[in-house]
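Colleague: Given next are the chains, with one letter for each unit.
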Amino acid sequence: MKPESRKKLIVSAIQNGTVIDHIPSHAVIQVMRILNLIQTDHQVLFGMNLDSKKYGNKGIIKIRDKFFDDVEINKIALVAPTATLIEIRDFEVISKKQAEIPDIVEGIVKCFNPKCITNYEQVRTRFRVIDKQNLRLLCHYCEKITKNENIEFI
Amino acid sequence: MNMKNKSLISINDFCKEEYLQILDLATYFEKNPNQKILEGFVVATLFFEPSTRTRLSFESAVNRLGGRVIGFSDAALSSTTKGESLADTIRTVSNYADLIVMRHPIEGSARWASQVASVPIINAGDGSNQHPTQCLLDLFTIRQTQGTLDNLDIAFVGDLKYGRTIHSNVIALSHFNTTFHLVSPEELKLPSAVKMHIKSNNLQYFQYTDLEEVIPKVDIIYMTRIQRERFADPIEYERVKNSYTLTKKMLEGSRENLKILHPLPRVNEISVDVDLDPRAYYFKQALNGVYIRQALIASILGLA
Numbered sequence: 276m277k278p279e280s281r282k283k284l285i286v287s288a289i290q291n292g293t294v295i296d297h298i299p300s301h302a303v304i305q306v307m308r309i310l311n312l313i314q315t316d317h318q319v320l321f322g323m324n325l326d327s328k329k330y331g332n333k334g335i336i337k338i339r340d341k342f343f344d345d346v347e348i349n350k351i352a353l354v355a356p357t358a359t360l361i362e363i364r365d366f367e368v369i370s371k372k373q374a375e376i377p378d379i380v381e382g383i384v385k386c387f388n389p390k391c392i393t394n395y396e397q398v399r400t401r402f403r404v405i406d407k408q409n410l411r412l413l414c415h416y417c418e419k420i421t422k423n424e425n426i427e428f429i
Numbered sequence: 011m012n013m014k015n016k017s018l019i020s021i022n023d024f025c026k027e028e029y030l031q032i033l034d035l036a037t038y039f040e041k042n043p044n045q046k047i048l049e050g051f052v053v054a055t056l057f058f059e060p061s062t063r064t065r066l067s068f069e070s071a072v073n074r075l076g077g078r079v080i081g082f083s084d085a086a087l088s089s090t091t092k093g094e095s096l097a098d099t100i101r102t103v104s105n106y107a108d109l110i111v112m113r114h115p116i117e118g119s120a121r122w123a124s125q126v127a128s129v130p131i132i133n134a135g136d137g138s139n140q141h142p143t144q145c146l147l148d149l150f151t152i153r154q155t156q157g158t159l160d161n162l163d164i165a166f167v168g169d170l171k172y173g174r175t176i177h178s179n180v181i182a183l184s185h186f187n188t189t190f191h192l193v194s195p196e197e198l199k200l201p202s203a204v205k206m207h208i209k210s211n212n213l214q215y216f217q218y219t220d221l222e223e224v225i226p227k228v229d230i231i232y233m234t235r236i237q238r239e240r241f242a243d244p245i246e247y248e249r250v251k252n253s254y255t256l257t258k259k260m261l262e263g264s265r266e267n268l269k270i271l272h273p274l275p276r277v278n279e280i281s282v283d284v285d286l287d288p289r290a291y292y293f294k295q296a297l298n299g300v301y302i303r304q305a306l307i308a309s310i311l312g313l314a
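Chains A and B, in that order, give the protein sequences.
So in this note's numbering the end of the first sequence lands on 429, straight run, no missing numbers.
So in this note's numbering the end of the second sequence lands on 314, straight run, no missing numbers.
Since the hints were derived computationally from the structure, they do not count as laboratory data.
Positions of the beta carbon are idealized from the N, C-alpha and C atoms, including for glycine.
Incorrect hints may appear among the rest.
FRET-style restraints, in silico, Cβ to Cβ [to be verified]:
no., chain 1, residue 1, chain 2, residue 2, range
1, A, Asp316, B, Asn212, 55 to 63 Å
2, B, Lys26, A, His317, 45 to 53 Å
3, A, Lys329, B, Ala242, 45 to 53 Å
In isolation and in its complexed conformation, chain A is listed as follows:
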């Protein structure tokens, strides 16, 4: 095997499934949690602190025999805006998609307002994204804005 191929295969290839590439290393576990990959029956391979020409350092997740729809994909855009989703069938790349920030964010971000009901009772958080560029989230419940710098994941 050529050295370059060996490098590529640090996390082994899959025949069918999804590769999520260019995840910031620190966000790999968070992405797995958002996509429910912690408790899945599918085979999941992941790596962190891998070399990336584009970003210097990256994380990667490969999920065997599992494909995601756009709604699921977009959920990871908040934690991993640089992520690319690659659909693999029979070792071939079928499609590549970039995660896009969704209009509604549910159940993954904590409301920044300590007096919000979502921080008191078991309420699934829900926000409308009112500014995708600067990432500003309007809470469905308390109507306060959580800004990019205050975003904390559940």
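For chain A, the structure is supplied; the task is to place chain B on it using the hints.
Modeller: Frame of chain A; chain B shown alone:
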């Protein structure tokens, strides 16, 4: 607009036409406040924190329409003290009433309650977030005193930073080509997000620290209470507190149609010598709360 079986949670859920429909219906109840259209209906008033005007005006509204009221006026009297969640309390009370009116100190609690209740919810205040019935009764009062809501000069005075009533009123009045005159100490200016809302509607606002300067320029003065706990320096509070007390003498040179409003309770923002002046309108404003609440209850129960 069909409000039947819909909850009323936030002023942001309404458009201009909807405000006006509710105001028109409230005008009808102002003329006919006592009628038995709510006979056989039960309304629950769940007040997890104390209130005088809001709770009593809701209860008066129901009683005048022939309905029955159940509920509590203090969280200490409810199962909350036993550790029951809000969701469970609401689900339970949904079994006993046709409509729930609730006040709760936690922000967003009313929206959450509306998702778990099997009957409509009216938000009577959720912490510092929303108090839509207060906002509607303020619009009703402004229209009642001026004959219109359009093209008015309105001064908001006091704590413009934390006052939920002021934020809601500014948002609602932005539909009516209002010019806003904002009087506050430097520390308590209107938040930039609310000012941006004014600008995005192509409306004008002017900021002042001196109350007397604004009096001759406006049709409505909306006074609010300045709370001591907002100030880090107690000396600063004392200075500010006295500069925002409206007296009868200060009203010389006002416009003839000027009316003074206040959501109440008042502490010392309006001197008692103003109370008998024809420009004082805050107690009438509190009465209007009954008509607005009658209009909302009747609409939500499908009786109007």
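Colleague: Each hint should be assessed against the structure and marked as holding or not.
Modeller: We went through each hint and held it up to the structure:
Look at Asp316(A) against Asn212(B): about 57 Å separates their beta carbons, and that is inside 55 to 63 Å. The supplied range of 45 to 53 Å is met by Lys26(B) and His317(A), whose beta-carbon atoms lie about 52 Å from each other. Taking the beta carbon of each, Lys329(A) and Ala242(B) are about 48 Å apart, inside 45 to 53 Å as hinted.
In summary, this structure violates none of the numbered hints.
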